[in-house]
Amino acid sequence: MNAIDSLRDMITRNMRQSGIMVAFVAIVAFFAILNPNFLSPTNLTNIVLQYSYILILAIGMLMIIVAGHIDLSVGSVVALTGAVSAVLVIRNGMPWWVGVLAAIAVGLLVGAWQGFWVAYVGIPGFIVTLAGMLLFRGLTYLVLNNASLSPFGGNYYDVANGFLNGLLGGYGVDVFTLVIFGIAVVGYGVSQWRTRRGKIAYQQTVESLPLFVVKLVIVAAVVMWFGYQLASSRGLPLVLIILAALVIIYGLVTQRSVFGRHVYAVGGNRHAAELSGVKVKKVYFWIFVNMGFLASVAGVVYSSRMNGAQPSAGNMFELDAIAACFIGGASTTGGVGRVGGAMIGGLIMAVMSNGMQLMGVPQSMQQVVKGLVLLLAVAFDIWNKRRASVVR
Amino acid sequence: MSTILEMRSITKEFPGVKALSNVNLTVERGEIHAICGENGAGKSTLMKVLSGVYPHGSYDGEIVFDGETARFGSINDSEARGIVIIHQELALVPYLSVAENIFLGNEVKGRAGLVDWNKANAEAAKLLARVGLDENPVTPVGALGVGKQQLIEIAKALSKEVRLLILDEPTAALNDNDSEHLLDLLRHLKGQGITCIIISHKLNEVADIADRTTIIRDGQTIETLDMSDPASTQDRIIRGMVGRDLEHRYPERTSVIGDEVLRVEDWTVYHPTQADRKIIDNASFNVRAGEVVGIAGLMGAGRTELAMSIFGRSYGRNISGHLYKDGKEIKLGSVSDAIRHGIAYATEDRKGYGLNLIDDVRRNISLAGLGNLAPRGWVNGNEELRVADEYRGSLNIKTPTVMSVVGQLSGGNQQKVVLSKWLYTDPDVLIVDEPTRGIDVGAKYEIYTIINKMVAAGKAVVVISSELPELLGICDRVYTLAFGRITGQLPVSEATQENLMELMTIERDQPLPTKDYVS
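Which chain is which? The protein sequence lines are D and Y, in order.
The numbers in full-length UniProt numbering rise by one with no breaks, and the one at position 247 of the first sequence is 247.
The numbers in full-length UniProt numbering rise by one with no breaks, and the one at position 262 of the second sequence is 262.
The shape of chain D in the complex, shown without the other chains (with noise of 0.2 Å):
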């Protein structure tokens, strides 16, 4: 194998990431030419705040569609998780972190009810959770009696619209920001750079270094300018800190942890995997678990930011967070996907909502825009694999 192979091995495995990527780039510029607001302080925030719970519910979402299932309940999840924890702390006073807690713990319950009638009884996840779409709805309409219950206030609306800022103060901009994101960009250097370490001492190929450092720099710069601008509006959002601690973890668990394998495993090919060892009712049951917590704190977040539980909460959340999935290249068929991927696909649909919201575009042209996007970048995913399976 000489080095143009290599090279060009790698570009076709990561067609599908760097595609979605240029995708991604170029939709920002798009906006960013026609709308000189798009790209201020304010609005990045915005775009932060306003879809954390879709990102959020996306990571849980992937993992259940890499194994081969689908998830058509957690919109209806998000409203019971975060109608329960309104009950407690809004009509009966309890603290904020009681509300939290419960909501997790409902999240997990909804998770193991799922994952039992999907792993143990052998029910497609499709057809479960349409159920559970219809079930858990039905429940936090009787949670909430059919009404609306607000406010929170306090420390349970600070989750999803408070800031870290003024902590080390600053002239303009919040200085404490800038600081964690400079650790960020810091830590992430060091983690490429024993990465490479560890490709050279085991004869790995890796690019060259001029090209490594130039990737470094170019991510840095990006990171660095989204902090201040974020650092220039109110500070550093906790959603946030809360969305990029998940997607680190997730990153991890997916890619490097045996039970993540597993996950790719089952969904590629289940039989292979359930002859390798693998304990393929659990994992099904697990990955419904954990989709059952995701809702739960996307419901914690979604609640807080609407300052209130609504019984129609989470309306079709279900849905962007498949459609973002799927535009960051996950598999309808399972087996194939990543937790990046399906982040920059949720960030591309949220980009394009605010970026037309910002334009004036009506809710009805919103929607059959969302609709292309998506059918096209699935369109590409099918062109690209014919086109690998041409090559050999």
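Hint data in this document are derived by calculation from the structure and do not stem from the laboratory.
Treat the hints with caution; some may be incorrect.
Listed next, the in silico DSSO-like pairs over lysine-lysine satisfying Cα-Cα at most 27 Å (straight line) [what the hints assert, rightly or not]:
no. : chain 1 : residue 1 : chain 2 : residue 2
1   : Y       : K328      : Y       : K148
2   : Y       : K109      : Y       : K202
3   : D       : K199      : Y       : K398
4   : Y       : K351      : D       : K281
5   : Y       : K398      : Y       : K18
6   : Y       : K109      : Y       : K126
7   : Y       : K398      : D       : K282
8   : Y       : K278      : Y       : K331
9   : D       : K282      : Y       : K126
10  : Y       : K202      : Y       : K190
11  : D       : K281      : Y       : K331
12  : D       : K279      : Y       : K126
13  : D       : K279      : Y       : K351
14  : Y       : K351      : Y       : K453
15  : Y       : K328      : D       : K279
16  : Y       : K325      : Y       : K148
17  : Y       : K148      : Y       : K202
18  : Y       : K398      : Y       : K48
19  : Y       : K325      : D       : K279
Okay, the calculated beta carbon distance ranges per label pair [said to hold, decoys possible]:
no. : chain 1 : residue 1 : chain 2 : residue 2 : range
20  : Y       : A122      : D       : G19       : 50 to 60 Å
21  : Y       : G113      : D       : P36       : 54 to 64 Å
22  : D       : R386      : Y       : R277      : 36 to 46 Å
23  : D       : P36       : Y       : S336      : 51 to 61 Å
24  : Y       : S74       : D       : G182      : 56 to 66 Å
25  : Y       : R277      : D       : M316      : 43 to 53 Å
So the derived list for chain Y, only partly shown, Cβ under 10 Å to chain D, looks like this [stated by the list, open to error]:
no. : residue
26  : Y324
27  : Y353
28  : K421
Even for Gly, the Cβ is constructed at its ideal location relative to N, Cα and C.
Place chain Y on chain D using the hints.
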């Protein structure tokens, strides 16, 4: 005889690879023409060029069919001219009836453009009679065995007024009876003037049926043999395919046999859904360190079911019996239990049960032994790559890198990936189920060498196979399995194809032979 097909200096390039280079193939009208070559030699590519899967313009060279230069833009074009290809993986829809399958895409139209099912069924019945299949055209295809499905594919080809029939490994999945029937049918069709190209790894079959044989190696035509010439022996074909003399088809080995490693006693297994159907009936066998033990049985004898039920109860229910590993009884409730106790099972169905075809070589190799790479639940990716690369080297897996997708490798290399996966779990007993099915001669030799290396290291190997020469070539001892019963065992020195076959065909209620047969 006149020439029906001439393919002249066909060259087909993929980015970075020359799959075919100046290949010439001449097929006479009404002959059975065999194409032999190792996996990856370019046989399938050549057939794809011929049938229009790779359209005209994507290759260099010329195809002359029936006196006219052919420029097929798609598979429909070639079918319109009477060229039909039947792939190794059959293209039938299991839930549709025989007649529906035969006329799929070519429906018998009646009034108002609707399908005339009465006529279709009647036509189908005629076609079934031509291929010698006594089945009702309304039976769903899924209810029939592979052998009959193969015949339905041929009936489908006949419905398209086929003139050149191409069969890719038609008998790979068939038992001896069905294979014989299929070959008879081909001879019969030849009598009706249908020309046939057959791709096969079974050289005795080729010797049996082909009029001429073209050998392809590394994308080039080596020679075309007239099979009526006594010099056209199987050895000659093998020499042409591998480009060297294969002195022995089976590598030499001196057996050093140690203590018993695994013993199976009174093993009985029932069908997973039909609770009263006994699949394995009171089977007992053992295997010792440094020993290769064969299990011979016809299709449906329960070979795979026996192995899989032992391997962590992956098959069947109401399993009873005892397993002893190194003299101590063990209970295996799951595959991971089996792996922990040093038992490995490489399946007969690589694609369906052995590999994650959409994932890369590296992750397929590491899957079963992932625990070794992840002491605290986190996989060491660099170590994983090193391990995969090591197996790529030691088992000679032909792949650009270990990051390549497994689905794109040839059958022999896929099988090596499966074996790598199990070798990495460091098993004491390796059970291999049809380890060389659909694999070319050169790769077979390599697989046998891997088995020999394992036993040389003091491990025990159980080989399940329906190819008796293979068992006689590599085993120390052979058990026979018939209708779920172990019907005998012979040391390889006493075993012949004839006495094994006799033991393999003892029916369910016949008495087992006396003990002196069972040495």
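Here is what the structure says about each hint:
1. K328/Y - K148/Y: The given pair, whose Cα atoms are some 46 Å apart, is violated under the 27 Å limit.
2. K109/Y - K202/Y: Given that 27 Å is the threshold and the Cα spacing comes to 41 Å, the pair is violated.
3. K199/D - K398/Y: Distance of about 23 Å is within 27 Å: holds.
4. K351/Y - K281/D: 21 Å, holds
5. K398/Y - K18/Y: 16 Å, holds
6. K109/Y - K126/Y: Holds, because 17 Å separates the two Cα atoms, which is no more than 27 Å.
7. K398/Y - K282/D: 35 Å, violated
8. K278/Y - K331/Y: It holds: about 21 Å lies between the C-alpha atoms, which stays within 27 Å.
9. K282/D - K126/Y: 52 Å, violated
10. K202/Y - K190/Y: 20 Å, holds
11. K281/D - K331/Y: Status holds; Cα separation ~21 Å.
12. K279/D - K126/Y: This hinted pair is violated, its Cα atoms lying about 50 Å apart.
13. K279/D - K351/Y: This hinted pair holds, its Cα atoms lying about 20 Å apart.
14. K351/Y - K453/Y: Since the Cα atoms of K351/Y and K453/Y sit roughly 25 Å apart, the hinted pair holds (cutoff 27 Å).
15. K328/Y - K279/D: 26 Å, holds
16. K325/Y - K148/Y: 41 Å, violated
17. K148/Y - K202/Y: 20 Å, holds
18. K398/Y - K48/Y: 22 Å, holds
19. K325/Y - K279/D: At roughly 23 Å apart (the allowed maximum being 27 Å), K279/D and K325/Y satisfy the hint.
20. A122/Y - G19/D: 50 to 60 Å: Given range 50 to 60 Å: holds, Cβ gap about 53 Å.
21. G113/Y - P36/D: 54 to 64 Å: 60 Å, holds
22. R386/D - R277/Y: 36 to 46 Å: Given a distance of about 44 Å, which is inside 36 to 46 Å, the answer is holds.
23. P36/D - S336/Y: 51 to 61 Å: 59 Å, holds
24. S74/Y - G182/D: 56 to 66 Å: 59 Å, holds
25. R277/Y - M316/D: 43 to 53 Å: 49 Å, holds
26. Y324: Nearest chain D Cβ about 21 Å off; hint violated.
27. Y353: 5 Å, holds
28. K421: 7 Å, holds
Hint check: violations occur at hints 1, 2, 7, 9, 12, 16, 26; the rest are consistent with the structure.
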